[in-house]
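Peer 1: Sequence:
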Amino acid sequence: MTQHQKIFETPLYPYARTADQDAAEPARHKVIVVGAGPIGMAAALELGLKGVEVLILDDNDKVSFGSRAICFAKRPLEILDRLGCGQPMVDKGIVWNLGKVFFDDRKVYDFNLLPEDGHRRPAFINLQQYYFEEYLLNRLNALRAEGAPVELRGGNRVTAVTPQADGVLVTVETPDGPYRIEADWLIACDGASSPVRGMLGLDFVGRVFQDNFLIADVVMDAQFPTERWFWFDPPFNRGQSALLHKQPDDVWRIDLQLGWDIDREAEKRPENVIPRLRAMLGEDVNFELEWVSIYTFQCRRMQKFRHGRVIFAGDAAHQVSPFGARGANSGLQDTDNLGWKLALVIDGKAPESLLDSYDAERAHGADENILNSSRSTDFITPKSEISRVFRDAVLDLAEYYDFPRPLVNSGRLSVPCTYDGSALNTPDALPEAPARSRPGSPCSDAPLGEGFLLDQLRCGGFVVLALNTEAQDVLAAGIPARALNLTATGALAERYLGDVPQAVYLIRPDQHVAARWPSYDPAAVAAALSRATGQPEEA
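Using our numbering, the first residue of the sequence shown is number 1, and each one after it goes up by one.
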């Protein structure tokens, strides 16, 4: 057993009996989150930081076994900064920006995922999911110690979910037997197989691709650089593909395409895995297997993410193939989108219909991920001989020319979703400004001399950002927006002004742009704030 495997065996939130189990009637909670994986804990942090009472129920009592999700993109790292646990992730993680593509035994080209300066966070870090979960749990425990109303119960398996008019009735199985509790709201973050989804008779729609991939996490002292290496048709895995990533503590992630007609259990046995890895790494490289799994490409989602008082997030709501790092990264953007909306609804400051925008915006994000992931899968695993001929010709040309390189698709890597067309956006009143900062877009970070822009946008509420002009605090329907007046130069001016001399932005709590104008107009800002919080339009 490696030192990392011991982490999997340590109970971090062991089962303990609670007063709810002895209550004569089901106790009532504001929000129940089902699942203490990365998305469940992030959802609880989002709400706990806003003072919302949250109870997490998980059938396990420890971090996930194996590395699982390992690749975390810049935008989720910025979300984690706002939740108060981004820095330990980056400190432990392996930072990388460079990717290389190989065809057969030669390098075709390389690419930089963060070609511009002026960002606090890197394009990506690699970090094992068990560390990721541990740091989220540490933050959750610290928040609870500060008095936040958050609770995590291990050894509590949800066995029934019964929707009600004003909430949800939940049956929970424990080592001491079952008990029942109620919630105003339930967030299902219980993974791709989602028991909650099954209990409600709901399912996915989409594609399952006829291909299998072997994931192997190996511990080895190798001198490979900290880069993403992807091979098409390598000598050690002919006719298939392969991927190599470095993780902390000398753990390396290797993905090997296996094809469709395989014996999955046999392929996971060490006597079959090790020869494959030796062919790839060389006979002189010493390594030790830490974790092995096999996955099938799936690009699917629920038709709706919200069903009354039950809301789905992360893999419970949508699945994509792992190439492109879109799973956990997309799930963190789900909770980023949901948290502030649900908190406003619970506080009575926004109508329940605001939550329909969660479904609309994150379904748009899921469709974007599924489209990109499906295209990656089709390029990695051509479905016809003519498709393979085309792909191989693109790879050959990409070694010498720039123009075919955008066609090479080894997994379009995760980028933040822009909510174009969202009902929460106010029509753009400053189209001359950069398109990257249009309504619906996530805020680009920029240095401010001391600190970064996103540091100033972490308040958990709305912000009126005035650049090279002045704004004042705004209040609409009881919801405040804090004024932030900055002089824009350098990257800040480039990313938010372009060729215009000044601008005013309304920024949502999830750091997406809700509206922008050439100058400050308090009535316009108040109207945009009302729109962004789903308030009924005045007659």
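In short, the hints are calculated from the structure, not lab data.
Predicted, not measured: the structure shown is a model, and the values here were computed from it.
Misleading hints may appear alongside valid ones.
Below, simulated SDA-like cross-link-like pairs (lysine to any residue); rule was C-alpha separation at most 25 Å, straight line [said to hold, decoys possible]:
hint: 1; residue 1: K30; residue 2: V208
hint: 2; residue 1: K349; residue 2: L200
hint: 3; residue 1: K349; residue 2: V208
hint: 4; residue 1: K30; residue 2: T296
hint: 5; residue 1: K383; residue 2: C459
hint: 6; residue 1: K383; residue 2: V208
Pair ranges (Cβ atoms, derived) [to be verified]:
hint: 7; residue 1: E227; residue 2: D203; range: 19 to 29 Å
hint: 8; residue 1: S422; residue 2: E146; range: 11 to 21 Å
hint: 9; residue 1: E146; residue 2: R438; range: 30 to 40 Å
hint: 10; residue 1: P536; residue 2: S384; range: 49 to 59 Å
hint: 11; residue 1: E146; residue 2: A19; range: 29 to 39 Å
hint: 12; residue 1: P178; residue 2: Q87; range: 16 to 26 Å
hint: 13; residue 1: T296; residue 2: E352; range: 32 to 42 Å
hint: 14; residue 1: P536; residue 2: G239; range: 32 to 42 Å
hint: 15; residue 1: D117; residue 2: D499; range: 45 to 55 Å
hint: 16; residue 1: R238; residue 2: V285; range: 12 to 22 Å
hint: 17; residue 1: D499; residue 2: R278; range: 54 to 64 Å
hint: 18; residue 1: S193; residue 2: R17; range: 52 to 62 Å
hint: 19; residue 1: E265; residue 2: S384; range: 27 to 37 Å
hint: 20; residue 1: Q87; residue 2: R238; range: 15 to 25 Å
Backbone N, C-alpha and C fix where the C-beta goes; we use that ideal spot for every residue, glycine too.
Peer 1: Would you pick out the hints that fail for this structure and give their numbers low to high?
Peer 2: Violated hints: 1, 2, 3, 4, 5, 7, 8, 11, 12, 14, 15, 18 and 20; rest satisfied.
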